[in-house]
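Chemist: Here is how the chains run, residue by residue.
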Amino acid sequence: MNRPPMLMHLRIQKEEKGFGLWLPLFLLLLLALALFIIVLPLILIAILVLWPSGRGKTLLLIIRAAFQTLWSMRGLKVDFQSGPRCMYITVV
Amino acid sequence: MSESRKRILEMLAQKKISTDEAYRLLDALETGEHGEESSGKASTIVKEKPKYLRVTVLPDPANEHLEKADRVNVRVPMSLVRAGVKLTSLIPPEARDKVNGALREKGIDFDVRNIKPEDLEELIEALEDLEIDVVSSKGEKVKVSVEY
Chain A
107 MNRPPMLMHL
117 RIQKEEKGFG
127 LWLPLFLLLL
137 LALALFIIVL
147 PLILIAILVL
157 WPSGRGKTLL
167 LIIRAAFQTL
177 WSMRGLKVDF
187 QSGPRCMYIT
197 VV
Chain B
433 MSESRKRILE
443 MLAQKKISTD
453 EAYRLLDALE
463 TGEHGEESSG
473 KASTIVKEKP
483 KYLRVTVLPD
493 PANEHLEKAD
503 RVNVRVPMSL
513 VRAGVKLTSL
523 IPPEARDKVN
533 GALREKGIDF
543 DVRNIKPEDL
553 EELIEALEDL
563 EIDVVSSKGE
573 KVKVSVEY
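Top to bottom, those sequences are chains A and B.
As numbered in our numbering, residues 107 to 198 make up the first sequence, in order.
As numbered in our numbering, residues 433 to 580 make up the second sequence, in order.
Excised from the complex, chain B in its bound form (with noise of 0.2 Å):
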């Protein structure tokens, strides 16, 4: 038994305290310790960092030519997607504008302006949960998802 459970229960017998003084001063000190237990755990279990992006295209198993589909199986490292971010800052401000103009023509409104290098660890971490599903017109399944 603890030293602070020891201690209220003696001034339950005392009288110091209610029984329901008490009981509220067991359940804190209940909630603290289990509180502590958890962020003990938690500081030993290290997160496991994503290592790979998985890129997949298959096409539509219900395709006539499935022998002569289309299939791409791409794993890129982490380490990879991180230098290519940075290498984004190295872009010239003319070729930026026309990657922008490039992106735009295509309906995807995004300033490559907007990748920064000191944003990176929080977009991979962002990635971690990530796993995108698409079934296109045609059948095909793209899945992009991390792997560890």
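Here chain A stands alone, though its shape is the one from the complex (with noise of 0.2 Å):
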């Protein structure tokens, strides 16, 4: 299993400006994972409800994918340099 991004650093320039962010996804990881586990009651009583429906199943599904997106992102890297303009976000 892959480990999970840890941080991100996102830098943006325009010109002569610029920022550049780094950002602990570990911190935001295990801040979404108390607030999953603070809803998660609802959260299984909506995909009781609409299980019949068959939007149950999507909703669990959409959970597993969206947590799996997040813990795949490790690796990522975007350059993008548009004239004076660039934008650069990477995730490790």
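Calculated from the structure, these hints are not laboratory results.
Note that the Cβ used here is the ideal one computed from N, Cα and C, for glycine as well.
Fair warning: there could be bad hints in the mix.
List of simulated lysine-lysine pairs, DSSO-like, C-alpha gap at most 27 Å [to be verified]: (1) K120(A) / K500(B); (2) K120(A) / K183(A); (3) K570(B) / K500(B); (4) K183(A) / K448(B); (5) K481(B) / K518(B); (6) K483(B) / K183(A); (7) K575(B) / K518(B); (8) K120(A) / K570(B); (9) K500(B) / K183(A); (10) K538(B) / K570(B); (11) K123(A) / K163(A); (12) K438(B) / K448(B); (13) K518(B) / K483(B); (14) K481(B) / K538(B); (15) K123(A) / K500(B); (16) K518(B) / K538(B); (17) K575(B) / K500(B); (18) K518(B) / K530(B); (19) K575(B) / K183(A); (20) K483(B) / K570(B); (21) K483(B) / K573(B); (22) K573(B) / K538(B); (23) K573(B) / K500(B); (24) K163(A) / K518(B); (25) K183(A) / K573(B); (26) K481(B) / K570(B); (27) K183(A) / K518(B); (28) K183(A) / K570(B); (29) K573(B) / K120(A); (30) K530(B) / K163(A).
These stretches of chain A come out as covered by chain B in the derived footprint (C-beta under 8 Å, 3 or more residues) [unchecked claim]: (31) 124 to 136; (32) 176 to 182; (33) 185 to 194.
Work from the hints to combine the two standalone chains into their complex.
Modeler: What follows is the structure, encoded as structure tokens:
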């Protein structure tokens, strides 16, 4: 299993102005996990209510897919330059 | 000398088989031994799977306004590609038809329903030898490749 992403570096440069940001994804993931645990009873109720219509399974798959997508972001690098503007995102 | 070869030579010496037959048997034995060696080697070689998909768009070097030209360099982890393909199975049918319609308008005759998670590993294996190099009419170079 891949390790989850720990940090995200975001850098936006426009002509001579720019800023860089290091986001501690490990903290955000812990926060998201804590929030998920808090709303878990509501999510379970929603799944049970929507299950007969088939949407419950879809909701469950969406939650699973969202976690898988977040977990897989480690190693992502986006470098985009357009004239004097550039944007750089890297997930470590 | 292996036992099989020894037996073949003994049979030749005892004139139980002709020279031609002995030659064919030894040749077959050699081919079999080489086959076992290479399959043995192959079993110890683990084929490396691609880890990233790299997409780059570089401007034409002869461009007068090179510093203003667009450049794109994206590296996507294969695990993210897998997760993305799995997400397509969650697209609602109504949205799928709209996506197909939009693709057809751009001249891409492709149905997103054909993307199935079970074909994913085969698709990613096929990407191992993928390398796309396109030079547009404006001289921009688009390159798609995999990295290990």
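Chemist: Compare the distance between the alpha carbons of K123(A) and K500(B) with 27 Å, and conclude whether the hinted pair is satisfied.
Modeler: holds, 16 Å
Chemist: Hey, K481(B) versus K570(B), does the alpha-carbon distance stay inside 27 Å?
Modeler: Roughly 34 Å separates the two Cα atoms, so the pair is violated.
Chemist: If you look at each residue in the stretch 185 to 194 of chain A, do at least three have a Cβ nearer than 8 Å to any Cβ of chain B?
Modeler: Our answer is that it holds, as 6 residues pass the Cβ test (under 8 Å) against chain B, meeting three.
Chemist: Given the hint that K573(B) pairs with K120(A), test it: the Cα-Cα distance must not exceed 27 Å.
Modeler: This hinted pair holds, its Cα atoms lying about 24 Å apart.
Chemist: Do the alpha carbons of K120(A) and K183(A) lie within 27 Å of each other, as the hint requires?
Modeler: holds, 19 Å
Chemist: Within a Cα-Cα threshold of 27 Å, do K518(B) and K530(B) meet the stated pairing?
Modeler: holds, 19 Å
Chemist: Tell me if the straight-line CA distance from K573(B) to K538(B) falls inside 27 Å.
Modeler: holds, 21 Å
Chemist: For a C-alpha distance cap of 27 Å, please report whether K120(A) and K500(B) respect it.
Modeler: Distance ~12 Å between K120(A) and K500(B) Cα, so the pair holds.
Chemist: Is K575(B) within 27 Å of K518(B), Cα to Cα?
Modeler: Cα-Cα ~25 Å, so holds.
Chemist: Is K183(A) within 27 Å of K570(B), Cα to Cα?
Modeler: holds, 26 Å
Chemist: Given the hinted pair K163(A) and K518(B), is their alpha-carbon gap at most 27 Å?
Modeler: holds, 14 Å
Chemist: Starting from K518(B), check that the Cα of K538(B) is at most 27 Å away, please.
Modeler: Cα-Cα ~24 Å, so holds.
Hint compliance for this structure: hints 4, 11, 14, 20, 26, 31 are broken, all remaining hints hold.
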